[in-house]
Amino acid sequence: MKNTWLNVILTSVFFAITIGCQPAKKSKEVPVEAEFPPKPAVESVYRFPLPADPPTLDPAHVTDTVSDTVARRIFEGLVKFSPDLKIVPSLAENWSISEDGRIYKFYLRKGVKFHNGREVTAEDFVFSFKRVLAPKTKSERAQMLFPVKGAYEFFNGKTNEVEGIEATDPLTLKITLKEVYAPFLSVLAMVNFSVVPKEEVDAESTNLNQRFVGTGPFVFESWERDNEIVLKSNKSYWDGEPPLNAVIFRIIPDENTRYQAFLRGELEHSDIPFGKMKEISSNPELSKLVRGVSAMDMYCYGFNVQKPPFNNKYVRLAFNHAVDKEAIITNILEGRGEVQKTYVPKGMFYYKNESAGYPYDPLKAQKYLELAGYKMGAGLPEIVLNIDQQQLSRQIAQFVQEDLRKIGVKVRIEQNDWSTFLDRVYSGELSFHQNTWLADYPDPDNWLFVLLESTQAGAPGNITRFSHKQFDDYVGKARRTVDENERIRLYGKAEDIALSAAPWLFLYWRKNFTLVQPYVKGLVITAMDRTPQLNNSPLAKVSVDR
Amino acid sequence: MLYYIFKRFLQLIPVIVGITLISFTVIHVAPGDPVQILMGQRYDPEVAERIRSELGLDKPLIVQYVIFLKDLVQLDLGYSYQKRLPVRELLADKFGNTLYLSASAMVLAVLVGMIAGILASIRPRSFVDYTVMFLAVIGVSIPVFWLGLMFQLIFGGYLRWLPVSGMTEYGASFLQNLKHLILPSLTLASVPMAIIARITRSSMLEVMSADYIRTARAKGLPFRLIIFKHALKNALIPIVTVIGNMFALLLTGAVLTETVFSWPGMGRAMVDAIAQRDFPVILGGVTLFALTFVTVNLVVDIFYAYIDPRVRYS
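Residue numbers (the numbering used here), protein chains in the order written: chain A, 3 to 548; chain B, 21 to 334.
These aren't lab readings, by the way, just hints derived from the structure by calculation.
All C-beta atoms, glycine included, are put in the ideal place defined by N, C-alpha and C.
Heads up, a few of these hints could be off.
Claimed, not checked - Computed list of lysine-lysine pairs in DSSO-like fashion (alpha-carbon distance at most 30 angstroms, straight line):
#1 K138/A - K79/B
#2 K495/A - K369/A
#3 K543/A - K495/A
#4 K278/A - K199/B
#5 K88/A - K479/A
#6 K88/A - K180/A
#7 K348/A - K377/A
#8 K200/A - K543/A
#9 K278/A - K309/A
#10 K151/A - K88/A
#11 K160/A - K79/B
#12 K90/B - K138/A
#13 K90/B - K234/A
#14 K253/B - K132/A
#15 K343/A - K278/A
#16 K369/A - K408/A
#17 K176/A - K132/A
#18 K115/A - K132/A
As the list claims (entries may be wrong) - Some chain B residues judged to face chain A by a derived CB distance under 10 angstroms, without partners named:
#19 N117
#20 P144
#21 G177
#22 Q296
What the hints assert, rightly or not - Computed list of chain A residues with no C-beta within reach of chain B, every gap over 10 angstroms:
#23 R120
#24 E168
#25 F401
#26 K408
#27 R426
#28 P540
Next comes chain B alone, as it looks inside the complex (with noise of 0.2 angstroms):
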């Protein structure tokens, strides 16, 4: 197993190398310019120049590749041109945000999620069912952002219950601030509450056609033992490789979501440095994504030995 788990990580180098290069190929080529940026409508060639030269954007671009994979070797992201913070420090910052948030999203959908798909599947065609796949249609289908805004409306506008934006506020205890936790990830939770609700019916409706299920009622288990002991471990691998596959789309991905409830996440960072053109910000938060959805499947494929004996790794 240890062999293997290394062996996965020597597979990131390649990787790594060949996302950074695509990345750092299309932001050099496509239009814009981070002086420009950084200086705003009051532009002067010379002065322009003189912080091209600082930020070393003045090297050959080979240059500056190599420049950045030797300072990556080191865990040196380098500095935002923007925010003048050690791109390490900023990244750290915002993925443990993200991280929180997500991780609250993905507990909150997992559990509904499940509960709902092994409902749902307990008596296929049924009002329960019906209504589980219903609800998961419309969480699959309503965009995030109108969901986050109409959330706002009823539990912060009308109900007055929850506060509408930020992560933390100076001086508030940690209940209340975890307050703020509540709407974002309900909102961040839908679509994949939704998936593996779905997933769950489906493997679960196939497995209790299996006949060890059979042979299991015949036996006169209880009905209790046969979904949890007999079903739901078989049934756990393709609900366990969603989860793994929406926890690093959602470490990812979770921009709208940020945007709408002003969570300081990795969402947010990555879709203002691309707009301010922040290099160093890009490259440092492409390599972090790269980094998470390997060792997130990484995760997912060491889960499956447990689950399954008759998955082994050599």
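Same shape as in the complex, but just chain A (with noise of 0.2 angstroms):
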């Protein structure tokens, strides 16, 4: 008897854990079929793959592409980048530049509302950009705003307000720039720089309080913390309200399991696993709902020029001629990538149409290695190539090794998990190591300034510190310039010695592949998009019509 007891006591406390457990649900039930391919609980949803839960959905703290997929359907600034990449108006309808290139005057739609229902004035966007510059709000982009006069004293605390900035009339915002800084316009097009309303951020912490009240066409509803994240339609968008009910961000870090899940009906894209291209380009039915794009997303290695041998431009030289891009393209990439040729990638207002980069020619990096000093590698040391941790990596790093033995030069790969990797290369501790840049904004001074000018050597971007006067003249000179030509024409200088000096290992830019079901309309996947987050695209003219 005392058994039966035993057995019973142990099987119900067992299954009261598990239904006890059952954490509680945030949703709505609304029973649905049975049925294949799945149909969402909510009709017209868009049922959106995130690879990791977004750290926050904040926009003064954004620093990453997951944060950014979510809060940019929620938030809107002054500008916004089409899905070409141009500056286009968003809550600005128009804007003047004054002569001097120092004065913007913007000019802010009528009617405009915060999802709670209040109208959006110019004194919202002063109170969003001093939240982002105060010391309070701690926000990792601060120093974008740096060139609006008067913002590095608010943000040290010696003035209460930013004189730069300045509601003139309800809709009408100026700010004024200490000097002409060229890319304002693609910097405020960031997601950091959005409208947020006064009465939804917390006084004493400046934080939103996890509610995450934007003017954008998709409104907050619930987040799940690292399962799925719910926004509803903006029935009083501006811009009409969007076809989708709703977008359900599911966060899915595996993307065996996204593949798996879009297959299943279950997401309306995926990125597509490696290993997975032949599978797909087999099938007729699936290779027709891929869509490729070349991105502004650069997979490449970085030279220290200051430790040797890599202060030898020849060396540099060699080792780029020595690497066959091609072939890592064809063989580990499953063909996602283009050959780097360039320092700045196509699709902006300046591109370098005619380089070459550097052409696998083992023969010229021989030659290369002999004028070093290094014939056949001999008196080289042992060379550490310093990367991250992700598979993809090591097999790209292999390769490069491999390559790098044909002419005579002995590769060790170390693997360092990302924060560790950073602190290193930060450091200056690191003398060849991998280097990636995703465009922040389209214009050629995120990638030549902010990678490659001197005083930005270090943490703030050139990580191979790389350092020429006249390089920075001309770099310089383009932020300071208005005239779209002649920033080409600087640009271009500028670009020349780059090339010609070589602080990276070119590789290629990344080409995403994208997988999205055949009923999806309107969805447009651009070169600032990193698959499968999309968090350039614009999703407020999507529709699903299944």
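Reconstruct the complex from the two isolated chains, following the hints.
Here it is in structure tokens:
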């Protein structure tokens, strides 16, 4: 008898735990019939995969593409990037720039409302920009506003107002810069400079109180950490109610799981796991669903030009000519890349079309190595190549290792977790390492100035510590020049210097391949997207017609 | 018994201090800077210093540790650097999700594992025994992430019976959401199920050769009564120990299953926190893990007293 009692207790305890531990359900229960492909419980919904849970949805703190993906649908700024990455009006209907290029006047749209129903005014922008700069906010992007007059002083607590930001009337915002800063409009299109309503911000901490009230086409509904984020359509959106009723961001860290979920019809789009390209291209139905877009997203290696042997440009040129980039793209990336030939990616107002980069030529590589005094690698110490922990990075590194071995260079590969990697790169400890960059804004300044100008050495972006007086002059001047043709000329000159100095080992520009369900209409994937997050693709006009 | 439980909880204090001190030292000695991770690849030294000071990371390490302990006494685990949420709130959610998954996996593992073990022990070296033991070896040996992917492919891909990711679905009913539990709990149950089957078998075999079982058989007691009343009761002690340990392990180590099935649990939260150097979440998680292990062990010890009258705590 006692035994039976014990068995009953044991079983009941486990069942009680199982049922009792079912977390409180945060969603409404809507019964759905079983069918395939499974239709979402809410009609006209876009089920959007994310590879990770966004660290934040507060625009002042967004620094990663996953957070950007969700935040961009809720919040809006003065201007935005169009699908072809031009600056187009958003909440500012139009704007004017003074002749000296320092004063910007933004004329706001009338009648735009926050999701809480209140109308947006220029004062809201003044408040939002000040919030980004306020010490208490601890915004990771405060420095991007330092070109504004008085912004730096405000950030340092020396003034209570930002001299250069002013609401001249309820619908006019005037921003005065310290000096001409050509990419300023592009910077303003970043999600960090979106407008937020004062009443939704905690006065003490300046946090957004987890309510995430913006003006965007979608309204924040719920966030179940590491599971899903739900946005509902903004019925009073200034550009017309979006055709989608809701967007459900599903957090799925594993690429194979995302792919399986797409095949089951549980997602509207998905990235393609490595090793699956062949399977997809041999399937006529699936291959029709693939969209490939070259991105302003670089994967290359950097040389620390201050350290031997990479302080010798011939060594850098030798390495560049020794690596067969085409073979990496074909054999490892399954075609998901384009050979890198320039420092600035395609798709901006400036691009050096005629550049051949550093074509694969082992004989030329050997000659450069000889010029550097290391004939067939003799006398060259073992080179340590530092990369992150991803499997793909390792495969590429092994390929490069093998190519360099052919010209007599011995390479050892070291993998680091991302945090350790950044720490070591920023400190200048590493001499040969992975170098990746996705455009913050589509302007050559984001590449040539941020990644190669000497005042940016180290953590601010120039991790190869490249320093060249003439180069600095060109990119500095281009930053302070309004005339686009003159900027093109200056960037051309600067890039010539970089091409001859070769501070990076060119590899490839990423090409994103995304599977999109045939019933999805109006989705445009841009060159500033990563897949599957498609952080920059507008969703306001996307519809699903199942 | 109450005094015993109280004493065991008092022992928690040095355990927590020791574990958090070691974790605190390791995370601060290891390379990697939480502020660099927060800022991404647009680092500005002045802004970074401001953030560092706001987060209290500019204070001496010993001061930071004392602040952590002081807050811990008040059950305040601080704020996550990354998620900007109270760690207590964040971990409570994740722990609940992991508990839900682990408890389901354990129910499955205990039921199937014990039945299989008992069946194998009734007729040693029979076809059933060999089959159970073969499956048990497979269960222990197959990598969890591979098994998870196979389940996804078979039940999600080919048969299309079950969803392959997530814990709940917006707007779905309770029963539909329950479907999300099946594949991850099956995957997670595979290892403990196999271990429980093996332990049950060996423990039962040992008991079945005891004198009192022979006596019971000689008395002519029905076979079912011998197995469930006399044998299983005495074989339970090692099984309960294993169940306790496995349950604690599942609660703290379900990271692979959680990743494959996109389950929002503790394992994933901890791996993310470590990768992002989110110190308050790491320390909060470690404290919670220590607490879980101590509590599960205590529950197992208390259970012994119920199972075996010879065990007494004073």
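Cross-check of the supplied hints:
no.	hint	verdict
1	K138/A - K79/B	holds (18 angstroms)
2	K495/A - K369/A	holds (26 angstroms)
3	K543/A - K495/A	violated (41 angstroms)
4	K278/A - K199/B	holds (27 angstroms)
5	K88/A - K479/A	holds (22 angstroms)
6	K88/A - K180/A	holds (25 angstroms)
7	K348/A - K377/A	violated (36 angstroms)
8	K200/A - K543/A	holds (29 angstroms)
9	K278/A - K309/A	violated (41 angstroms)
10	K151/A - K88/A	holds (26 angstroms)
11	K160/A - K79/B	holds (24 angstroms)
12	K90/B - K138/A	holds (24 angstroms)
13	K90/B - K234/A	violated (42 angstroms)
14	K253/B - K132/A	violated (70 angstroms)
15	K343/A - K278/A	holds (28 angstroms)
16	K369/A - K408/A	holds (13 angstroms)
17	K176/A - K132/A	holds (14 angstroms)
18	K115/A - K132/A	holds (20 angstroms)
19	N117	holds (6 angstroms)
20	P144	violated (23 angstroms)
21	G177	holds (6 angstroms)
22	Q296	holds (7 angstroms)
23	R120	holds (24 angstroms)
24	E168	holds (24 angstroms)
25	F401	holds (24 angstroms)
26	K408	holds (32 angstroms)
27	R426	violated (7 angstroms)
28	P540	holds (22 angstroms)
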